[in-house]
Amino acid sequence: DAKTTQPTSMDCAEGRAANLPCNHSTISGNEYVYWYRQIHSQGPQYIIHGLKNNETNEMASLIITEDRKSSTLILPHATLRDTAVYYCIVRVEVKAAGNKLTFGGGTRVLVKP
Amino acid sequence: KAGVTQTPRYLIKTRGQQVTLSCSPISGHRSVSWYQQTPGQGLQFLFEYFSETQRNKGNFPGRFSGRQFSNSRSEMNVSTLELGDSALYLCASAGGTDDTDTQYFGPGTRLTVL
Numbered sequence: 174d175a176k177t178t179q180p181t182s183m184d185c186a187e188g189r190a191a192n193l194p195c196n197h198s199t200i201s202g203n204e205y206v207y208w209y210r211q212i213h214s215q216g217p218q219y220i221i222h223g224l225k226n227n228e229t230n231e232m233a234s235l236i237i238t239e240d241r242k243s244s245t246l247i248l249p250h251a252t253l254r255d256t257a258v259y260y261c262i263v264r265v266e267v268k269a270a271g272n273k274l275t276f277g278g279g280t281r282v283l284v285k286p
Numbered sequence: 031k032a033g034v035t036q037t038p039r040y041l042i043k044t045r046g047q048q049v050t051l052s053c054s055p056i057s058g059h060r061s062v063s064w065y066q067q068t069p070g071q072g073l074q075f076l077f078e079y080f081s082e083t084q085r086n087k088g089n090f091p092g093r094f095s096g097r098q099f100s101n102s103r104s105e106m107n108v109s110t111l112e113l114g115d116s117a118l119y120l121c122a123s124a125g126g127t128d129d130t131d132t133q134y135f136g137p138g139t140r141l142t143v144l
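In order, the protein sequences belong to chains A and B. For the first sequence, this note's numbering begins at 174 and goes up steadily by one. For the second sequence, this note's numbering begins at 31 and goes up steadily by one.
Heads up, some of the hints might be wrong.
[Stated by the list, open to error] Footprint (simulated), chain A over chain B, 3 or more residues, beta carbon under 8 Å:
{"id": "1", "segment": "76-89"}
{"id": "2", "segment": "92-98"}
{"id": "3", "segment": "131-137"}
[Stated by the list, open to error] Just some of the chain B residues that point at chain A, by a computed CB distance under 10 Å:
{"id": "4", "residue": "Gly-33"}
{"id": "5", "residue": "Ser-61"}
{"id": "6", "residue": "Val-62"}
{"id": "7", "residue": "Ser-63"}
{"id": "8", "residue": "Tyr-65"}
{"id": "9", "residue": "Gln-67"}
{"id": "10", "residue": "Gly-72"}
{"id": "11", "residue": "Leu-73"}
{"id": "12", "residue": "Arg-140"}
{"id": "13", "residue": "Leu-141"}
{"id": "14", "residue": "Thr-142"}
[Unchecked claim] With a cut-off of at most 27 Å between alpha-carbon atoms, the simulated DSSO-like pairs for lysine-lysine come out as follows:
{"id": "15", "chain 1": "A", "residue 1": "Lys-176", "chain 2": "B", "residue 2": "Lys-43"}
{"id": "16", "chain 1": "A", "residue 1": "Lys-285", "chain 2": "A", "residue 2": "Lys-273"}
{"id": "17", "chain 1": "A", "residue 1": "Lys-225", "chain 2": "A", "residue 2": "Lys-176"}
{"id": "18", "chain 1": "B", "residue 1": "Lys-43", "chain 2": "B", "residue 2": "Lys-87"}
{"id": "19", "chain 1": "A", "residue 1": "Lys-176", "chain 2": "A", "residue 2": "Lys-273"}
{"id": "20", "chain 1": "A", "residue 1": "Lys-273", "chain 2": "B", "residue 2": "Lys-87"}
What the hints contain is simulated information worked out from the structure, not anything from laboratory work. Every value quoted in this text rests on a predicted model; they were computed, and no experiment measured them. By construction, the Cβ of each residue, glycine as well, lies at the ideal position given by its N, Cα and C atoms.
Whole structure, please, built from the sequences with the hints as guidance.
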């Protein structure tokens with residue numbers, strides 16, 4: 174799976190949008206971008222994933238650049254409960270490699286009042 | 031649907047003992063993956079089981095093993111425990127057949143080895 178690079182930490186203000194960048198410059202054509210978050214000592218929570226189109230769900234939006242070398246997760250209105258470690262993961266489609274997620278260090282996001 | 035459940039949630043063992051952790055996947059899911067999380071190494075993939083067969087394996091010693099039952103429930107076993115095995119062990123389930131198979135994680139079992 175391609176390697177990802179994320180900022181170690183970032184702060185954002187409650188009620189504002191949080192934009193979390195991720196670099197995956199070696200991504201291959203059959204690799205998807207996944208985002209998970211982990212609130213302290215809980216199991217990671219799935220947020221969103223995409224291949225090349227932008228995606229939106231009730232939690233967040235995922236913007237993938239046209240060359241697919243980077244992406245941004247957007248939390249539209251951050252709340253204190255969004256404080257967590259956010260992981261950007263690139264993974265091959267299941268039929269090629271089964272289910273395996275390779276986690277990096279993630280971005281520690283602190284939402285401040 | 032009920033989420034992924036793991037038992038026990040907390041466990042204390044001593045060096046040299048062995049331990050078995052259990053994971054019940056989301057109903058209908060056939061893939062179960064196990065991960066280890068430590069402060070030093072982060073989240074690392076252990077192995078994945080699909081339809082009772084190991085489909086994927088991470089880079090862990092043979093002391094770590096697992097199995098999956100016909101109802102998709104899975105267990106992982108760690109033999110001859112070492113202090114470094116103290117960790118949060120996470121289980122994740124997925125349908126197992128779609129190309130974009132999303133994994134959903136359980137709350138984890140926190141293992142402390144003394």
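Hint by hint, here is what the structure shows:
With a threshold of 8 Å between beta carbons, the proposed coverage of the segment 76-89 of chain B by chain A holds, since 5 of its residues qualify and at least three are required. Only when three residues or more bring their CB closer than 8 Å to a CB of chain A does the claim for the segment 92-98 of chain B stand; here the count is 0, and the claim is violated. Closer than 8 Å: that is the beta-carbon criterion, and the segment 131-137 of chain B has 7 residues meeting it against chain A, so the requirement of 3 holds. The closest approach between the C-beta of B/Gly-33 and any C-beta of chain A is roughly 9 Å, which is under the 10 Å cut-off, so the hint is satisfied.
A hinted interface residue such as B/Ser-61 counts as satisfied when its beta carbon comes closer than 10 Å to some beta carbon of chain A; here the least separation is about 5 Å, so the hint holds. Interface restraint check for B/Val-62: the shortest CB-CB distance to chain A comes to about 9 Å, inside 10 Å, so the restraint holds. Interface hint status for B/Ser-63: upheld, as the beta-carbon distance to the closest one in chain A is roughly 5 Å, under 10 Å. A hinted interface residue such as B/Tyr-65 counts as satisfied when its beta carbon comes closer than 10 Å to some beta carbon of chain A; here the least separation is about 8 Å, so the hint holds.
With a least beta-carbon distance of about 8 Å to chain A, the hint placing B/Gln-67 at the interface is held under the 10 Å criterion. The beta carbon of B/Gly-72 comes within 6 Å of a beta carbon in chain A, closer than 10 Å, and the hint placing it at the interface holds. At about 4 Å, the closest approach between the beta carbon of B/Leu-73 and any beta carbon in chain A falls short of 10 Å, and the interface hint on this residue holds. Against a cut-off of 10 Å between C-beta atoms, the interface hint on B/Arg-140 holds, since the closest Cβ of chain A lies about 8 Å away.
Because the closest C-beta pair between B/Leu-141 and chain A is about 13 Å apart, greater than 10 Å, the hint is violated. The closest approach between the C-beta of B/Thr-142 and any C-beta of chain A is roughly 13 Å, which is over the 10 Å cut-off, so the hint fails. Using a Cα cut-off of 27 Å, the hinted pair A/Lys-176 and B/Lys-43 is violated, with the two alpha carbons roughly 35 Å apart. Among the hinted pairs, A/Lys-285 with A/Lys-273 is inconsistent with the structure: their alpha-carbon atoms are about 33 Å apart, more than 27 Å.
For a cut-off of 27 Å, the pair hint linking A/Lys-225 to A/Lys-176 stands: about 17 Å separates their Cα positions. Note on B/Lys-43 and B/Lys-87: the hinted pairing holds, with a Cα-Cα distance of about 25 Å set against a maximum of 27 Å. Only pairs whose Cα atoms come within 27 Å are accepted, and A/Lys-176 paired with A/Lys-273 is accepted, the gap being roughly 14 Å. Straight-line distance between C-alpha atoms of A/Lys-273 and B/Lys-87 comes to about 9 Å, which keeps the hinted pair within the 27 Å bound.
Hints 2, 13, 14, 15 and 16 from the list above are not met by this structure, while the remaining hints are.
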